[in-house]
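Trainee: Protein chains in written order, with the UniProt record's numbering: chain V, 1 to 542; chain Y, 1 to 542.
No false leads were slipped in.
Computed list of lysine-lysine pairs in DSBU-like fashion (alpha-carbon distance at most 30 Å, straight line):
(1) V:381 x Y:239
(2) V:42 x Y:75
(3) V:390 x Y:496
What follows is a set of in silico ranges between Cβ atoms, one per label pair, in the way DEER data are often shown:
(4) Y:45 x V:47: 38 to 46 Å
(5) Y:37 x V:55: 41 to 49 Å
(6) Y:187 x V:20: 56 to 64 Å
(7) V:533 x Y:389: 22 to 30 Å
(8) V:150 x Y:389: 45 to 53 Å
(9) Y:237 x V:233: 44 to 52 Å
(10) Y:236 x V:239: 38 to 46 Å
(11) Y:222 x V:388: 20 to 28 Å
(12) Y:447 x V:16: 22 to 30 Å
(13) V:22 x Y:217: 43 to 51 Å
(14) V:533 x Y:383: 26 to 34 Å
(15) Y:37 x V:533: 43 to 51 Å
(16) V:388 x Y:29: 42 to 50 Å
Honestly, the hints are just simulated from the structure, not real lab data. Glycine included, every Cβ here is placed at the ideal spot set by N, Cα and C.
There are 2 protein chains.
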Amino acid sequence: MSSSKEYMNGHVHLEESDMYESDGKLFLTEAFNVIMEEILHKGTDSEEKVCEWKDPDQLRALLDLDLREHGESHKQLLQRVRDVARYSVKTCHPRFFNQLFAGVDYHALTGRLLTETLNTSQYTYEVAPVFVLMEEEVLCKLRSLVGWSEGDGIFCPGGSMSNMYAMNVARYWAFPQVKTQGLWATPRMAIFTSQQGHYSMKKAAAFLGIGTDNVFIVQVDESGSMRPEDLEAKIVQAKSQDAVPFFVNATAGTTVQGAFDPLNRIADISERNGMWMHVDVSAACLPYVTPLCNTSICMWPPVVCRISPVSNCYNLDLSFLQAAWGGSVLFSKKHKHLVAGIERANSVTWNPHKMLLAGLQCSVVLFRDTTNLLMHCHSAKATYLFQQDKFYDTSLDTGDKSIQCGRKVDCLKLWLMWKAIGTHGLSERVEKAFALARYLVEEMEKRDNFKLVCKGPFVNVCFWFIPPSLRRKENSADYQESLSKVAPVIKERMIKRGTMMVGYQPMDGHVNFFRMVVVSPQLTTKDMDFFLDEIEDLGKDL
Amino acid sequence: MSSSKEYMNGHVHLEESDMYESDGKLFLTEAFNVIMEEILHKGTDSEEKVCEWKDPDQLRALLDLDLREHGESHKQLLQRVRDVARYSVKTCHPRFFNQLFAGVDYHALTGRLLTETLNTSQYTYEVAPVFVLMEEEVLCKLRSLVGWSEGDGIFCPGGSMSNMYAMNVARYWAFPQVKTQGLWATPRMAIFTSQQGHYSMKKAAAFLGIGTDNVFIVQVDESGSMRPEDLEAKIVQAKSQDAVPFFVNATAGTTVQGAFDPLNRIADISERNGMWMHVDVSAACLPYVTPLCNTSICMWPPVVCRISPVSNCYNLDLSFLQAAWGGSVLFSKKHKHLVAGIERANSVTWNPHKMLLAGLQCSVVLFRDTTNLLMHCHSAKATYLFQQDKFYDTSLDTGDKSIQCGRKVDCLKLWLMWKAIGTHGLSERVEKAFALARYLVEEMEKRDNFKLVCKGPFVNVCFWFIPPSLRRKENSADYQESLSKVAPVIKERMIKRGTMMVGYQPMDGHVNFFRMVVVSPQLTTKDMDFFLDEIEDLGKDL
Numbered sequence: 001m002s003s004s005k006e007y008m009n010g011h012v013h014l015e016e017s018d019m020y021e022s023d024g025k026l027f028l029t030e031a032f033n034v035i036m037e038e039i040l041h042k043g044t045d046s047e048e049k050v051c052e053w054k055d056p057d058q059l060r061a062l063l064d065l066d067l068r069e070h071g072e073s074h075k076q077l078l079q080r081v082r083d084v085a086r087y088s089v090k091t092c093h094p095r096f097f098n099q100l101f102a103g104v105d106y107h108a109l110t111g112r113l114l115t116e117t118l119n120t121s122q123y124t125y126e127v128a129p130v131f132v133l134m135e136e137e138v139l140c141k142l143r144s145l146v147g148w149s150e151g152d153g154i155f156c157p158g159g160s161m162s163n164m165y166a167m168n169v170a171r172y173w174a175f176p177q178v179k180t181q182g183l184w185a186t187p188r189m190a191i192f193t194s195q196q197g198h199y200s201m202k203k204a205a206a207f208l209g210i211g212t213d214n215v216f217i218v219q220v221d222e223s224g225s226m227r228p229e230d231l232e233a234k235i236v237q238a239k240s241q242d243a244v245p246f247f248v249n250a251t252a253g254t255t256v257q258g259a260f261d262p263l264n265r266i267a268d269i270s271e272r273n274g275m276w277m278h279v280d281v282s283a284a285c286l287p288y289v290t291p292l293c294n295t296s297i298c299m300w301p302p303v304v305c306r307i308s309p310v311s312n313c314y315n316l317d318l319s320f321l322q323a324a325w326g327g328s329v330l331f332s333k334k335h336k337h338l339v340a341g342i343e344r345a346n347s348v349t350w351n352p353h354k355m356l357l358a359g360l361q362c363s364v365v366l367f368r369d370t371t372n373l374l375m376h377c378h379s380a381k382a383t384y385l386f387q388q389d390k391f392y393d394t395s396l397d398t399g400d401k402s403i404q405c406g407r408k409v410d411c412l413k414l415w416l417m418w419k420a421i422g423t424h425g426l427s428e429r430v431e432k433a434f435a436l437a438r439y440l441v442e443e444m445e446k447r448d449n450f451k452l453v454c455k456g457p458f459v460n461v462c463f464w465f466i467p468p469s470l471r472r473k474e475n476s477a478d479y480q481e482s483l484s485k486v487a488p489v490i491k492e493r494m495i496k497r498g499t500m501m502v503g504y505q506p507m508d509g510h511v512n513f514f515r516m517v518v519v520s521p522q523l524t525t526k527d528m529d530f531f532l533d534e535i536e537d538l539g540k541d542l
Numbered sequence: 001m002s003s004s005k006e007y008m009n010g011h012v013h014l015e016e017s018d019m020y021e022s023d024g025k026l027f028l029t030e031a032f033n034v035i036m037e038e039i040l041h042k043g044t045d046s047e048e049k050v051c052e053w054k055d056p057d058q059l060r061a062l063l064d065l066d067l068r069e070h071g072e073s074h075k076q077l078l079q080r081v082r083d084v085a086r087y088s089v090k091t092c093h094p095r096f097f098n099q100l101f102a103g104v105d106y107h108a109l110t111g112r113l114l115t116e117t118l119n120t121s122q123y124t125y126e127v128a129p130v131f132v133l134m135e136e137e138v139l140c141k142l143r144s145l146v147g148w149s150e151g152d153g154i155f156c157p158g159g160s161m162s163n164m165y166a167m168n169v170a171r172y173w174a175f176p177q178v179k180t181q182g183l184w185a186t187p188r189m190a191i192f193t194s195q196q197g198h199y200s201m202k203k204a205a206a207f208l209g210i211g212t213d214n215v216f217i218v219q220v221d222e223s224g225s226m227r228p229e230d231l232e233a234k235i236v237q238a239k240s241q242d243a244v245p246f247f248v249n250a251t252a253g254t255t256v257q258g259a260f261d262p263l264n265r266i267a268d269i270s271e272r273n274g275m276w277m278h279v280d281v282s283a284a285c286l287p288y289v290t291p292l293c294n295t296s297i298c299m300w301p302p303v304v305c306r307i308s309p310v311s312n313c314y315n316l317d318l319s320f321l322q323a324a325w326g327g328s329v330l331f332s333k334k335h336k337h338l339v340a341g342i343e344r345a346n347s348v349t350w351n352p353h354k355m356l357l358a359g360l361q362c363s364v365v366l367f368r369d370t371t372n373l374l375m376h377c378h379s380a381k382a383t384y385l386f387q388q389d390k391f392y393d394t395s396l397d398t399g400d401k402s403i404q405c406g407r408k409v410d411c412l413k414l415w416l417m418w419k420a421i422g423t424h425g426l427s428e429r430v431e432k433a434f435a436l437a438r439y440l441v442e443e444m445e446k447r448d449n450f451k452l453v454c455k456g457p458f459v460n461v462c463f464w465f466i467p468p469s470l471r472r473k474e475n476s477a478d479y480q481e482s483l484s485k486v487a488p489v490i491k492e493r494m495i496k497r498g499t500m501m502v503g504y505q506p507m508d509g510h511v512n513f514f515r516m517v518v519v520s521p522q523l524t525t526k527d528m529d530f531f532l533d534e535i536e537d538l539g540k541d542l
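Only chain V is shown next, with the shape it has when bound in the complex (with noise of 0.2 Å):
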């Protein structure tokens, strides 16, 4: 026998392990006390601060981030972990109100520890069987929800992927040859999607070969949501350059405003035209939240607009949200309304990773289609990874749905969380998120110095800050050039104090302003009030 020392090269030691296992668990031991610490305790304690900013070259020095030669010292190593954790922003923070995520819940936590553990991939049942089957439930949960008692679905890594898997199945379904022969066998096509809709049909269109300029802009009325009649004078304008209209895209929560889309409408629109019906609820947190508006703004759905005569503030029956998280009941008689239009879409993205903080990345699509056409448009049976003489029952080998290869396990994070807190705890957590939105902008409309965008019906709200030099000096020539700059300073100073964070942007000829998002289930009303002091704290000189 040749032994194995013949191919020895000097240091390969093929006779033993180069792991040293119980140094490594050891390593990791110690890396989750400062992760609990660090992270857990320190970040989510709103004494502490949300983020240590640092510009660049100063983080560039303090990382020491070179990759060298030889590795470093377990103590070192425990140091970087500390370094990383330190000056990394605290999503987990009750004041980081910047993304469309935020907040911790320990369960996903846990679900996702595991899920990074047990590494693999979601795609055979042979090397993932506790997720084929778990992915299949949570999908079939999630279609129900949106009103669907089969179809299909996959988890794909981020809000954006999902709208792209939608809108390249919608092509598939329009035009089957475009797989094989590609878009020079199809007539020229158009997509429809709402000024506010978010930017990733775009992203999706130029990356499908379809082309950004084959995405037409459907106007919005003030609130944001997309005006029906606009959408109709748009496919026509489509069909008159000989576009061939297959997709139109509803969004359901917009990205800034956080407005919704008349799905019904959109939905009969879609379907005398024979285009396919795509819902982006992805900044939403579920398809059937509901509009917490006033008259003047909120155009849908009208039914849960009440504008008390007496106190003429928001008098919206929350109740609803707690049955509607419970599925069923988006077959009843009195909440069935609400989500009115949801059910007749073709496909669904929606996001637990924002609202619902199962964490990043957890996204899916959903189909109504029951004729396989996720795998049809995507198959390229790989003989090494989906054999079909396998000893079980090979349709569960869900891989060859997905455009990628290995894929990431998203599932278990969300079946925890929801196994921890049920339907119920998930509905509370919402239903709190608007009451809590509602409170701050109650709050915000006593101060003078705070003005709404408009009254969004969900949890954003969109406002501008208005500081002691710009106060009653709306007619100025220069207003709106000097309002545009006050909520970068604010930022910038906020950042670097590190108590809170909260996003900018202008839109659509509005200069400037704040979009402030509750999330979060840690948040109290406290932290609300802390926000409004703290902005004009921030900006009080200026």
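With the hints as your guide, set chain Y onto chain V.
Mentor: Positioned in the frame of chain V, the structure of chain Y alone reads:
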């Protein structure tokens, strides 16, 4: 002031946090202990099972997947964690040989847990300061290993997506109008990849609207390496069909056989034809891995094939590997030839989640381009995310290079592992895998009942097990038919026994054969011996 009580709806308490921080943290800590025990202690113990096979109906019942109205107790949830761990495949087990990923690196795993807990998106310096700089550093280091002192790149959700990025950027480079006008504004395009190239090329062509018929399949030699003369023939063929050749995919380490395409010759052809050359090293460990081969099979690079006239066994000097891992050695006179050609590529896909053990998902696409093509190709300039009036250098907001919006942080796990063991440590792992694969091949050749499909250049070992009933029956009419049934039966028995996992597939006229992949640094010669003994034992009555 309006009391928050007005907003209460039975159970919404706006004055207090809904999160039970201490309960949550306790659960997470207890779950971490379960993860350590059930996955990392038991899962890495070769005396324990790799998998605990249950058929789907059994497993559904055991897992109780249903998501209900109300949540479960702490104790029940911990049991859920244990069940998920128990019934999942232990890819960290030393005898998991089923995929191109395997094993566990505790530093990478630490990076993954840290990433999950920090839960941020890679898109802006604002919310990911550490990770924006870290991604930049890791990409720079990877590029330098390829041989590029500058360039671009991005982490993508898996190798298939990385390949799609390359194809899309190449298309934009060739026909920039495609971004706005779509493929109707361009001539028909042609893509070239070998018979053994990864199936993601076809998926990419379909998804990008180019169509699978426009992927021209180039023949390979017996080793699985692309025949350059056939590439030229296919280019002529494409042109004769009025398709414009724009993209050639060369594979360095094919999925099944582990073959390497001849990069310099492909680069010559690409340059002559004005094509973009992409190199997919995603099944490989590093671009400069080199063939372990014998003369009759190995085509490239010939200089490293040194057959000893005495032993006629592999006589490959592995010393270059250690050096090659060192990056700068790529520029050394002695070893430069080993990667001759890779630096001539326009883009490279590389998956550190495979042989480097970074963990799923960890994939990059690297570009030689220095004109910001990646950004120009993909940008949509969303104002709510990529404000241009920020107080820091907004070129650090790299998110618009991506087709995703939220993008998972995938650099930390690789960075921390690299810091921990250095370039040198990573090189040792690769050396060891090569040496162990070589050991396995030699041991296999000593046994009558194993037959190699071919002697591949890499760490893939493809072979048939010839059971007793088929020995010396090569000339019988149903030999191939009978042989094709051996691997599935052994695989079923193997999974049910749970001792190890290895994949099989048919390929190009070869009936089902096993593909053993040596990846994990935990492995020793004992595991190789066990592997052979176990296959023999599982098939002894066939």
